[in-house]
Amino acid sequence: MTARRTITSAVTGFLSVAIGLIWVFPLYWAVNTAFTVEEKTAQIPPSWFPAPILIDAFAYVIKYTAIIRWYVNSVITSLAITGCVLLLTMMCGYALSQMKFRGRQFVYIAILAGFMIPAATNVVPLFMFMNTLGMVNSYWGIILPQLAAPIAVVIYKQFFDQMPLELSDAARMDGGTDLRILFRLFLPLNWGVTWALAIILFIGAWNNFFWPFIVIGKTPMMTITVGITQVQSWYGIAYPRQMASAVLAALPTAVLFVIFQRRVAQGVAITSGIK
Amino acid sequence: MASISTEAADLSVQRVRHSRRRTPWGTVIILVVPFLIVYVAFLIYPTVRVFQLSFTNSDIAGIGSYVGVANYVKLWKDPIFWQSLWHTAYFIILTVVPNTLLGLAFGLIVVRQKKVVRSIVLVLLFMPFILPVSVVTQIYLWVLSAAYGIINFLLGTKINWFQDPNWAMPSVAFVTIWWTVGFNILLFIAGLEAIPKEYYEAASLDGAGGGFRVFRFITWPLVWPVTSLVFTLQLILQWKIFDQVYLLTNGGPFNRTIVVLMYMYQQAFTRYKGGYASTISIALFVIILITSLTQIRLLRSRGAA
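So the sequence lines, in the order shown, correspond to chains A and B.
275 is the number that this note's numbering gives the last residue of the first sequence; the numbers go up by one with no jumps.
305 is the number that this note's numbering gives the last residue of the second sequence; the numbers go up by one with no jumps.
Bound-form chain A, shown alone:
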């Protein structure tokens, strides 16, 4: 019985890993191509391994495209979005959860209503607005509209609602102001959710295509997610170069994911409302 069970679990384990490997085969294929010479991409049968391993495509992309600049743009805007969203929504969520003031319920309902607004259908007036502010083709243009994240406010409010009342009461008795209670007490006690949100927000900002694509027209100002689509149109079809740029663009979020798997999973659960 146990022997049979061990064999069964070994077989299903093997099969499930096999399914996983087949699923990510396109990723392997991209890496394989990125390390080969261009002539080999037009060869039948194709070569299954890059032999010899060549970094020419990477060197070319780094030297002759603005990929380093796109990287910098993406790092700056994604970090700014992550930091600002966390700060703004944490403060707002704290007030909605812990402070009583006239209009609190109204503000909360107004923020909840924002869930139903699809940002994608707002790009025309948003572009006009950015144009009026002179922020088209700028970091501000990329960053500001992505700060309006009502979901993060609601998540923080719900987490702060679960904090025991005695905690903030005791802190107030000791003369703690609300700002101190938020940053010295509630923030340290909720590092977990903040981390999970931070990683999800960063990956989301890094991967966002539609809005940066709309608001940025100048190649040097593009984020990497938009920029790598240009590698194709500039140089015609050159698969190793395209795959090299794709691998470079995917690297930061892929590394973040491998390091912070649990937090990513938690972030997905929190933001989708399953918790």
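Do not take every clue at face value.
Claimed, not checked - In silico BS3-like cross-links for lysine-lysine, where the CA-CA straight-line distance does not exceed 30 Å:
id	chain 1	residue 1	chain 2	residue 2
1	B	Lys114	A	Lys218
2	B	Lys74	B	Lys240
3	A	Lys218	A	Lys63
4	B	Lys74	A	Lys40
5	B	Lys114	B	Lys197
6	B	Lys240	B	Lys77
The hints are simulated quantities; they were obtained by calculation from the structure and are not laboratory data.
Just so we're clear, the structure is a prediction, and the values are computed from it rather than from any experiment.
Since chain A is already given, all that's left is putting chain B on it; use the hints.
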């Protein structure tokens, strides 16, 4: 009943506690106003403005005059708009149900594995989801390329996946499922793990036997809340399809894959018709709103039951 009365008690405690203190308006303003400014400026204002613009003949700079409901009449008679609506619906049919069921199937596979195998399989299946859409499309433009694509080689075919009128949309749908199923798997794993083990033990004691019967009478009904959540999340998301279609087929061949948001984009940013593009936006907005409200109603009615 008991829980309701404790809740009421909690509320009254809170009320007493707060009424003793004056509202510190300075602090409230510091905490709430920064987010509210961003929220109103970049979400509420554009939502109002897109509605207003839909009644004008504005260009993309926002300059124009009111034309009444002319844009809406034009939209009603615009064959390309109806085409784009149908293509979006077709894309939804091709993605939403398969993506939900595949997420459940993969979720079932993952939860059955032990520690190391389990995390390996989960990482592999989830990995595509964290990639930028343009990375995914670049990879598939190569993997599914007509002449030297590896898939055509393995299948022994010569299909031009993204340019063949019949294959273009199914190919975009396949890429979308490959990219996003990891998200659904995570939600299903959470749902499957919430099912009490005793149910399965009881089933095996009762000799319910066959894996399919257990799935049919225990797993499926108990995981249903997650299934409907995944389904409706997908539905709302896929109405807004743009990125993959733009990057893989650019609406072609012969507009065969043009979707609503792409038509809006073309009108706004290649033909500079800000007013008409806003009208298309409103149409999509209303569709998504109806979908969201239906979802809320469904979730409510289930919660009450």
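- [ ] Below or equal to 30 Å on CA atoms is what counts here, so check Lys114 of chain B against Lys218 of chain A.
- [x] 50 Å, violated
- [ ] For the pair we were handed, Lys74 of chain B and Lys40 of chain A, check the Cα-Cα distance against 30 Å.
- [x] Violated, at roughly 52 Å.
Open item on the list: Please verify whether Lys114 of chain B and Lys197 of chain B have alpha carbons no more than 30 Å apart.
Closed with: Cα-Cα ~16 Å, so holds.
Open item on the list: So if I understand the rule, the pair passes when the alpha-carbon distance is 30 Å or less; does Lys240 of chain B with Lys77 of chain B pass?
Closed with: 22 Å, holds
- [ ] Would you check the hint for Lys74 of chain B and Lys240 of chain B, treating anything up to 30 Å between C-alpha atoms as holding?
- [x] It holds: about 22 Å lies between the C-alpha atoms, which stays within 30 Å.
Task: Straight-line alpha-carbon gap Lys218 of chain A to Lys63 of chain A, limit 30 Å - done: 19 Å, holds
When held up to the earlier numbered hints, the structure conflicts with 1, 4 and fits the remainder.
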